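In case you want the letters, here they are:
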Amino acid sequence: MSFLNKIGVIPNDESIFSSEDQTTENESTSIIQKLTRRTFIKSAGLASSSLVIGMQFSTLNAADKKDSAFSPDVFISMEKDGTVTIISHRSEMGQGIRSSLPLLVADEMECDWNRVKVKQAIGDAKYGSQNTDGSRSVRHFYYRLKEAGATARTLLQNAAAIIWKVKPDQVSIYNHQAKLKNSSQVLDFSQLVEIASGLPLPKKPSLKLKTEAEHRYVGKDNMKNIDGKEIVTGKAVYGYDVELKNMKYSVIARPPVLFGKVKSYDASETLKVPGVIKVVELPSLSPPAVFRMLGGLAIIAENTWAAIQGREKLKIEWEHGSNASYNTKAYEENFKQALIDPPHIVRNRGDWDKAKQAADKVITHDYYVGGIAHATMEPPAATAIVSDKGVDVWTCTQTPQSAQGNAMGVMKIPKEKAETVRINVTLLGGGFGRKSKPDYVAEAVFLANETKMPIKVLWTREDEIKHGYYHSPSYQSLSASFDKKGQVTGWYHGMVNHPIGATFNPAAKQAGSAELGQGDMPYDIPNIKITNGESDTFLRIGWVRSVTNINNAFAVSSFVDEMAVANKVDSKDYLLALIGKDQHIDLAKDGFKYSNYGENFDDFPIDTARFKNVINIVAKNSGWGKKLPRGHGLGIAVHRSFCTYVATVVLVSSSNKQVSSSNSQASSSKNKITVEKVYYAVDAGKIINPDRVRSQMEGAAIFSISNAFYGEITADGGIVEQSNFHDYELARIGQAPEVNVEIVASDAAPAGIGEPGVPPFSPALCNAIFNATGKRYRRLPLNQYGIV
Amino acid sequence: MIELSINGSKHKLDVSPEMPLLWALRDVIKLTGSKYGCGKGLCGSCTVHIDGQATRSCVLPVSAAVGKKITTIEGLSENADHPVQKAWLDLNVAQCGYCQTGQIMSAASLLNENQNPTDDDINTAMAGNLCRCGTYPRIRSAIHQAAKLAREVK
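So the sequences go chain by chain: A and B. Positions 1 to 788 (the numbering used here) are the ones given, in order, by the first sequence. Positions 1 to 154 (the numbering used here) are the ones given, in order, by the second sequence.
Since the hints were made in silico from the structure, they are not lab data. On a predicted model such as this, the values are computed, not experimentally measured, just so you know. Honestly, I wouldn't trust all of these hints.
Capping the alpha-carbon separation at 20 angstroms, the derived lysine to aspartate or glutamate pairs in EDC-like fashion look like this [to be verified]: (1) A:329 to A:721; (2) A:220 to B:90; (3) A:313 to A:351; (4) A:672 to B:120; (5) A:224 to B:90; (6) A:657 to B:74; (7) A:224 to B:81; (8) A:677 to B:81; (9) A:229 to B:74; (10) A:80 to A:194; (11) A:203 to A:169; (12) B:40 to A:721.
Over 10 angstroms on every C-beta distance to chain A, these chain B residues come out as not near it, computed from the model [claimed, not checked]: (13) 2; (14) 8; (15) 12; (16) 52; (17) 92.
Just so it is clear, CB atoms sit at the ideal spot from N, CA and C, and this is done for glycine as well.
Please model the entire structure based on the sequences and the hints provided.
See below:
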């Protein structure tokens with residue numbers, strides 16, 4: 001219990017809901033629900049809760065009466081002393097969501113933020129999607145959470161009206177208090193909670209949501225991270241830090257090649273290591289990989305060190321299987337072949353082939369971006385107990401419901417008994433997409449069940465680098481055709497990579513995803529052809545922060561810069577001209593069924609005016625066009641991803657000065673690139689927490705420096721060649737530039753922030769390097785050229 | 001038996017003398033504020049102070065810490081009131097926060113030796129601490145602010 005309190009997880013040993021619960025169903029999308037006091041005390045362990053507001057989102061299980069009637073997604077509860085508890089149902093991995101969403105609720109409810117507590121939800125379908133991925137927490141929950149807050153505020157307003165015997169419009173609610181109009185009388189929320197808890201819920205149409213101007217916390221700059229103090233004192237609990245009574249520690253020797261198997265092993269030396277308890281074989285894996293265990297041999301020990309030592313002493317003969325044929329460098333030739341006549345045309349406008357034939361000039365360039373590992377500072381970790389009461393897991397997961405499903409798969413627990421598998425979500429020491437793939441949860445549950453002991457599975461750094469779900473390497477070919485006046489007449493973009501789809505379906509061959517920055521490029525060109533080639537897949541491929549936007553944006557925005565240079569036009573002016581008139585781009589006209597990050601086009605159009613606006617802002621802030629010292633250069637790129645528009649200008653210098661980094665190769669005599677400064681202009685629509693928007697952009701720049709300078713996972717014989725930070729390097733503090741961020745004030749629907757800062761960085765960087773040095777780099781990472 | 005002095009308290013441990021201090025702290029003494037990131041002294045997440053010096057606990061055998069004064073993040077201050085912690089909170093430095101205890105211990109050690117570090121001093125002293133979230137610009141600002149805070153206190 002003390003541990004549960006420490007990480008703010010709600011114990012879930014009793015059913016949350018009973019038939020006593022009152023429900024009001026609205027015509028529209030959400031059902032606001034008020035639970036009785038007794039039920040909530042039972043469910044949430046809050047001894048003196050009186051008012052509990054829940055929301056249910058009809059997108060989930062709308063047809064399932066039981067769930068839709070009684071399953072709230074988000075709780076607001078208030079104790080008798082007025083303390084408000086807001087449930088965070090999304091995972092915190094550094095993006096600040098545990099601060100930002102509760103802030104939105106508290107603001108709408110007119111809470112005093114100092115009297116708000118945040119509790120982390122367990123994994124449960126009743127919350128709707130908890131998959132904290134795709135930069136969508138705010139995009140999906142902004143209005144729904146405002147409605148929840150407004151419902152609670154209205155109940156409190158109605159309660160005060162009853163006490164004062166006036167109409168509700170004579171009562172205003174401000175900062176945890178009700179105030180009577182034309183009077184000095186006030187009532188604290190603590191004085192209203194009992195009465196409010198007995199009132200009928202207001203109908204949704206009667207709710208008055210606060211305007212932007214009325215927000216007191218939302219959009220303000222000085223809001224502190226709610227976990228800040230725990231973090232700086234070392235008290236914050238991550239997946240790696242979970243400690244249970246009698247818990248044992250496990251590290252696993254996984255097959256070096258994907259789908260490899262243990263042929264034989266000798267654990268005699270392992271078992272001699274003091275502290276090693278036993279060695280357990282995990283079931284071997286056959287395709288598809290999905291989020292299942294990789295197999296191998298687990299060392300169970302009294303501490304992590306003993307487990308690591310035991311693993312080193314293990315003698316294993318592996319049967320590598322067919323993926324041992326894979327060599328990343330050699331496979332580039334297959335990629336090139338795959339782009340000769342790619343079978344998948346994803347977007348087609350006019351007639352590219354004709355435009356090319358009729359052209360006065362055609363330029364063609366190929367781009368290659370290496371595979372990338374997530375390299376979260378906290379490697380994956382999960383702790384599990386299996387008992388007659390079910391399965392309890394504590395883990396750093398972006399997607400507790402997938403983790404739950406994975407655990408159920410291991411234990412063969414049917415769907416109707418999902419509540420017996422409780423996924424408690426800790427803080428995540430970085431996510432970037434890795435922790436939405438809960439293979440490590442399956443391992444912990446399997447081992448806890450086999451050994452009948454509480455087991456913590458810890459991935460070492462070597463495990464994390466060698467057994468990841470990688471961003472695929474990619475090969476791309478782009479061409480543009482021009483008429484005699486230099487006007488662009490055609491655009492061709494072919495792309496091939498190992499598809500993420502192969503992780504889920506071994507037959508998947510089509511490179512993907514054109515949805516992410518390839519098919520949706522915004523340039524207004526009369527003839528467009530965009531294609532994908534096919535490829536086999538030999539490693540687990542997954543999504544890494546911004547996914548294939550990483551490589552697509554690099555190629556598209558590098559190539560556009562090359563077009564500008566070829567036409568002797570300023571890069572910024574060329575971008576603006578190529579985007580053309582103000583319009584909402586209709587990709588369906590070009591035969592491209594674009595999914596738009598799952599959003600509708602009314603709220604989230606592809607709006608060329610917003611592209612141009614961020615370009616103009618970033619150009620102004622960066623002093624675009626100014627004269628720079630010798631060896632310096634500015635580069636620009638613009639990209640829309642996750643429905644957010646980001647323009648980036650990077651300032652670099654090229655010199656032979658020593659960079660303050662343990663990464664720099666002293667042996668190379670070449671000039672080195674320094675990223676001096678980065679400018680971002682970001683239009684994400686409405687935002688909640690500007691400080692966290694800025695921090696995500698700062699982080700995106702530095703994440704992208706790591707990608708662009710060093711990011712390359714390679715395999716030989718199907719075995720990943722990198723293993724730790726000496727051969728999979730990350731940017732260090734001496735390489736971190738100052739990052740200037742301007743957030744566009746916007747009334748548009750809230751979009752996404754976690755990922756959109758990544759895609760435009762690498763092309764802006766390489767465009768800047770071109771302007772500083774005259775050299776164009778079309779392959780990432782840049783360390784292969786000796787310039788970083 | 002190995003006897004260690006950690007945050008002013010004596011601890012007797014029945015562990016192999018080769019066990020890195022990090023695992024003794026985390027798994028045996030249950031002080032989990034010092035983090036694992038690489039196990040090879042490459043990332044700095046495990047940084048503690050040994051007699052005031054920033055040290056990577058993941059590659060330091062417990063036997064080498066005997067008789068020394070070990071300070072972990074849990075012992076850096078009474079109530080998050082070390083100037084470095086204050087500056088970290090004031091500037092909202094942390095994103096995921098995982099590497100930050102190591103960053104803070106390295107920064108505190110730097111300020112012990114250099115009360116007014118330049119950007120270059122900071123870049124050199126902090127080069128061993130990785131942050132994947134990319135909080136480096138704020139770390140630099142926070143160290144300058146902490147230095148100012150510490151000078152004002154004195």
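Structure-based check of each hint:
no.	hint	in the structure
1	A:329 to A:721	12 angstroms, holds
2	A:220 to B:90	15 angstroms, holds
3	A:313 to A:351	63 angstroms, violated
4	A:672 to B:120	17 angstroms, holds
5	A:224 to B:90	8 angstroms, holds
6	A:657 to B:74	39 angstroms, violated
7	A:224 to B:81	16 angstroms, holds
8	A:677 to B:81	32 angstroms, violated
9	A:229 to B:74	12 angstroms, holds
10	A:80 to A:194	8 angstroms, holds
11	A:203 to A:169	16 angstroms, holds
12	B:40 to A:721	17 angstroms, holds
13	2	13 angstroms, holds
14	8	16 angstroms, holds
15	12	16 angstroms, holds
16	52	18 angstroms, holds
17	92	6 angstroms, violated
Violation of the numbered hints given earlier is confined to hints 3, 6, 8 and 17; the remaining hints are satisfied by the structure.
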